Amino acid sequence: MTYHQATYDEKYLNEMDSGNSFTCEDLKEPEIDERLRQENLHLPDISENDVVRHYVRLSQMNYAVDTGFYPLGSCTMKFNPKFADRIATDSRFIRVHPLMDYQYSQGNLQVMYELKEYLRIMSGMDAVSLQPLAGAHAEFTSMLIVRKYMEEVGGEERNEIIIPDSAHGTNPASAAMAGFSVVEIPSMENGVIDVDALKEALSEKTAAFMITNPNTLGIFESNIEEIADLVHKNGSLLYYDGANLNAILGITSPGAMGFDMVHFNLHKTFATPHGGGGPGAGPVAVKSFLEKYLPFPRIEKEEGKYVLKYDQEHSIGRVAGFQGSFVNLLRAWAYIKYKGSDGLLKNTQKAVLNANYLAKRLEPILNYRHEGLKKHEVIMSSKMVNKRALDIAKFIIDRGVHAPTIYFPLIVPEALMIEPTEDASLSDMDQFCQLIQEAVQTPDEELHALPLHLSIERADEVRAAKELKLKWDTK
Amino acid sequence: MDPDLKILSYIGMNSYEELFSDIPKGIRCNIDSIGKGKSEMEVILNSEEVGSKNALNMKIFLGLGAYERYIPASIQNIIMRNEFITSYTPYQAEISQGMLQALFEYQSIISDLTGMEVTNSSMYDGPSGLGEAVRMAHRINGNKTILLPQNIRINHLQVIVTYITGLNMKLKFYPTLEDGTIDLEKLTEMVDSEVSSIITYNPSNYGTIDPGVTRIREIKINALHIAYYDPISLALIKSPGDYDADIAVGEGQQLGISLSYGGPYLGLFSFKEKYVRKSPGRLIGETVDRKGKKAFVMTLQTREQHIRRDKAMSNICTNQALLAIASTAYLSILGNKGLKWVATKSMENVNKTISEMKKVPYVKPYNFKNPFFTDFIIDVGSRSQFMMQHLEEKNILGGFRAKDALYSVDSSKKNAVFFASTEMRNQNEMEYLKNAMEVME
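Protein chains in written order, with the working numbering: chain A, 201 to 675; chain B, -14 to 426.
Warning: the hint list may mix true and false statements.
What the hints assert, rightly or not - In the EDC-like style, the derived pairs of lysine to aspartate or glutamate whose C-alpha atoms are separated by at most 16 Å in a straight line are:
| no. | chain 1 | residue 1 | chain 2 | residue 2 |
| --- | --- | --- | --- | --- |
| 1 | A | 560 | B | -11 |
| 2 | B | 21 | A | 365 |
| 3 | B | 296 | A | 365 |
Derived by calculation from the structure, the hints in this document are not laboratory data.
Treat the numbers as computed from the prediction; the structure is a model and nothing was measured.
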């Protein structure tokens, strides 16, 4: 396949000189204390035409799910249905001020309440907060819940969180942010939790064990019940990082597996668009004994009306200025209604089917032995074929397909983390495997010269960090 | 042949069930109770019905952190570009230059607007930005006392308190003057070498413009000055950089983002360059490609969670990238002239609204030296308790009681209520508001 990404030498907005085209009346200058009067405003003065063109051009230099296959592992780049865009821009929902009383925002509260119910059922938990604004924000929220719970049940000395070495980086970062020490335990050679290492790490100082299942290698931890039992017998809590929930949704649930708390990444499992990095939304669900610690306000239903409750007595507090990332919640609500229990189960089945297909197809190409069943994603290593994962990634993007996540999980050398999602077609996957095959057969020196067909060639990251330039020159 | 069956047979399986044989039978679940899927049409029709349960004709005379401002049509068109909205964090720089340049320009335009040296590529919202700012100040100077105004917005305070859990930090509230601005004399007495950060608001939490913020540099000793600002106001009043703030935080919702019932919004987060290695969040840097052509990458990632793990400067992964683009497009389309107009018109509308309200016998406007910007308070006597409720029944949002919105108010504000007037409000609406207030018993 030949591919050429659009290439523009696109100037900065403040380097254009088309002049301001915004129409407005002339007004009298207001009286401002002279110590405070602003005399140096430096915004660009350009036409709306130029602004629109600028962004259309930039967009053409940006790869997206709607451009092509995007098997970025752990990020779950599935199709974002367009009807959700229509709902997310409907003024009935979005022209609502966050301080409008409940009587006047019943529609939005209904959306939130119903979503909360869906998430509660799907996670096998008892209570849900929709307030956290992203997955990592939800992890921080959850770690504060662990902390508060331990304080109230006399477990203040429990200041450690155990995390496997295969975990997402946000896990240890969130635990540390909530004031915990992180104890990292090694995984078994095949990537699953080393139960003996866990036993050794568990102590009277352990507040919680934080894991995702399937783990970041895409393998289901089949002895999860034993793990849950060990953790609970130790007086600790078990936390589910919901980044990989899309692998098991409808088959099992964090609640059924014995977890006490879980977060959701709505942009992963429920197809809200990632927006080039955000906004996201990260609801948290807990078992009933932790409900009182959830952030306030909480949405409840009383006498047929949806209301916000501000009870703060045991709550960890507020993590956001208002009620949460409402528009993302709205999109997820619409997606769940559209898919329903049957569609969501089908998603899970197809996502897992596709990952296992890729595992089997890629095994001979990369000489990488994979053990047993995969769930939603597959980890390969290019070490056996003496290739750098980075070089393979650059080969793939040069051919107009997004690369897998590389060098993660950290425990696999030259890791390629591939997540096809349920929306990959057979031909998407076959083309991807073909590209990997070609990359493996391409001499290193040729790979090092890639990419050649994108808007730039290989970017100098070292220089970016050494000669820090974080803004344009002010005009 | 059904492609799924083809794949199943390729991997040597006969059914989907075999794909899940690693999940023990004892922990299976079903989610039937959420109901079967619906057609797109049914979902759309249902959503319209649910959305119609919100009050749809509310005249919005309230701000307190969320403002109805006019959003040029181009903004939505730009952020709905498939290539932007359906992309991920730009991990592969070469295929994602569009998003990277757009975010670099966001960092640039917010730095220019605030007069600050560095702006990160966004935080979740204004209040959580404040939470990150006090943590950052603590990382920099190791001190434990945070000074904040006694009239701080209650939701801001609540977020800050949550964000410092576990750091053993101490909050001390400094007094504010009658018009809500900083009591510099008292604040000066409270600053010593143990203070980690001083949070100021401009406009103040009563909505007035506060010249006092320019004096913090003289009194801060070892503390970092965290300036919370209203980005629209910077068209008319000095920026945090002008008065040498160390960290500047703002809520970017007003820059082209809809009210959306509280989110997603946009945390604007800027700081002095010397603090960059202690800063939270993502940064986009300009560099070159191997041919020397201008290029953009995510940089200083060694501060971040995916590299530094439990030693990271923050746990930020997802941020508000798409909304950062919206705000850059907004500021570019309005330009210097347009932003000045929005700010000036807002101040003018505040005055006009107050003039209308003055005609109501029980309304007592405050006579402050410093002018209101967008939010403002008025005294409505004993009616303050039911003002908001009364007006909502008349399709007006406004009249939020000051003592419910703020951590504490001075005694002359116990009957104060909040309103706001942006460039979107007009004379008819103001008269309608006055009439609605007049008929309140």
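Looking back at the numbered hints, which does the structure fail to meet, lowest number first?
Violated hint: only 2; rest satisfied.
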